[in-house]
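Enquirer: Got chain A; can you put chain B on it based on the hints?
Listed below, chain by chain, are the residues.
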Amino acid sequence: KQEVTQIPAALSVPEGENLVLNCSFTDSAIYNLQWFRQDPGKGLTSLLLIQSSQREQTSGRLNASLDKSSGRSTLYIAASQPGDSATYLCAVKAGQTSGSRLTFGEGTQLTVNP
Amino acid sequence: DGGITQSPKYLFRKEGQNVTLSCEQNLNHDAMYWYRQDPGQGLRLIYYSQIVNDFQKGDIAEGYSVSREKKESFPLTVTSAQKNPTAFYLCASSIGGRSSYEQYFGPGTRLTVT
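Read top to bottom, the protein sequences are chains A and B.
First residue of the first sequence? That's 1 in our numbering, and the numbers climb one at a time after it.
First residue of the second sequence? That's 115 in our numbering, and the numbers climb one at a time after it.
Isolated chain A (complex conformation) (with noise of 0.2 Å):
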């Protein structure tokens, strides 16, 4: 059975530091992992989408990168806002049919202070 853990499960950091988090899975044969944003109260907001077979994918301030041997995932986030502060979840989808699970993670409670 896949297991997603997410360390730290909170960080808070100053505004304006370079930050990363980290997701790993216990099951490597996974066909993709997705990183979401969710505020409070909030659903999901997806933020970045890594195929098995990419090594990384960027947006903005935002890196993902994927080393499916070693089962992990790390999310760095470059000059950190207060705006950042949320929860962030990472997820691992089993395979290419919408059929297939998405596992997430607790998630990591993020706060960038002013």
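No lab work stands behind these hints, which were simulated from the structure alone.
Where is the CB? At the ideal position from N, CA and C, for every residue including glycine.
Check before you lean on any hint, since a few could be wrong.
[Claimed, not checked] Restricting the straight-line Cα-Cα distance to at most 30 Å, the calculated cross-link-like pairs of lysine-lysine (BS3-like) are: (1) Lys42/A with Lys197/B; (2) Lys123/B with Lys171/B; (3) Lys184/B with Lys123/B; (4) Lys197/B with Lys123/B; (5) Lys128/B with Lys68/A; (6) Lys171/B with Lys185/B; (7) Lys1/A with Lys171/B; (8) Lys42/A with Lys128/B; (9) Lys42/A with Lys184/B; (10) Lys42/A with Lys185/B; (11) Lys185/B with Lys123/B; (12) Lys42/A with Lys1/A; (13) Lys171/B with Lys197/B; (14) Lys68/A with Lys1/A; (15) Lys171/B with Lys184/B; (16) Lys128/B with Lys1/A; (17) Lys197/B with Lys1/A; (18) Lys128/B with Lys171/B; (19) Lys42/A with Lys171/B; (20) Lys128/B with Lys197/B.
[Stated by the list, open to error] Residues from chain B that face chain A, not an exhaustive set, calculated with beta carbons under 10 Å: (21) Gln120; (22) Pro122; (23) Tyr149; (24) Gln151; (25) Gln155; (26) Leu159; (27) Tyr162; (28) Asp173; (29) Leu204; (30) Tyr215; (31) Tyr218.
[Claimed, not checked] Not everything, but these chain A residues come out facing chain B in the computed CB check (under 8 Å): (32) Lys42; (33) Phe104; (34) Glu106; (35) Gly107.
Expert: Showing chain B alone in chain A's frame:
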């Protein structure tokens, strides 16, 4: 604007009552999903549907029921058989079929049962 709507945002029910949560999408997506989120936990899949008039149980389907009579609608009924129904419920959709596209999420419904 295209997107996923869930209503209501907050829902209160007495124990023993069935309640139906609404999910509508105008993204023309084939696949739709229902997740449950509990405090400090990742999302868990309740039911999913890959096409109209078809749906499959997820990991925690007991005490829930769904229907998929229209492509754009995927309502979830929380029955009195669900032992711990108080949670945050999220609906999602994706293009579906044999695609690798990401899932898009609605804003969620917070259900409180007393």
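Enquirer: With a cut-off of 8 Å on the beta carbons, see whether Lys42/A makes it to chain B.
Expert: Holds, about 6 Å.
Enquirer: Are Lys68/A and Lys1/A close enough, with their CA atoms no more than 30 Å apart?
Expert: Status holds; Cα separation ~16 Å.
Enquirer: Take a quick look at whether Lys128/B and Lys171/B sit within 30 Å of each other, Cα to Cα.
Expert: Holds, at roughly 26 Å.
Enquirer: Let's test the interface hint: is any C-beta of chain A closer than 10 Å to that of Tyr162/B?
Expert: 6 Å, holds
Enquirer: Given the proposed pairing of Lys171/B with Lys184/B, does the C-alpha separation stay at or below 30 Å?
Expert: 18 Å, holds
Enquirer: Please verify that hint: Leu159/B, Cβ, nearest Cβ of chain A, below 10 Å or not.
Expert: Hint holds; Leu159/B Cβ to chain A Cβ min 6 Å, cut 10 Å.
Enquirer: What's the verdict on Lys123/B and Lys171/B, does the C-alpha distance respect the 30 Å limit or exceed it?
Expert: 24 Å, holds
Enquirer: Run the distance test for Lys1/A versus Lys171/B: straight-line Cα separation, threshold 30 Å.
Expert: 17 Å, holds
Enquirer: Min Cβ distance, Glu106/A to chain B: is it shorter than 8 Å?
Expert: 5 Å, holds
Enquirer: Holds or violated: Pro122/B as interface residue toward chain A, Cβ cutoff 10 Å?
Expert: 13 Å, violated
Enquirer: Are the Cα atoms of Lys171/B and Lys185/B separated by 30 Å or less?
Expert: Distance ~18 Å between Lys171/B and Lys185/B Cα, so the pair holds.
Enquirer: With a cut-off of 10 Å, does the beta carbon of Tyr218/B approach a beta carbon of chain A closely enough for the hint to hold?
Expert: 7 Å, holds
This entry does not satisfy hints 5, 16 and 22, going by the numbered hints stated previously.
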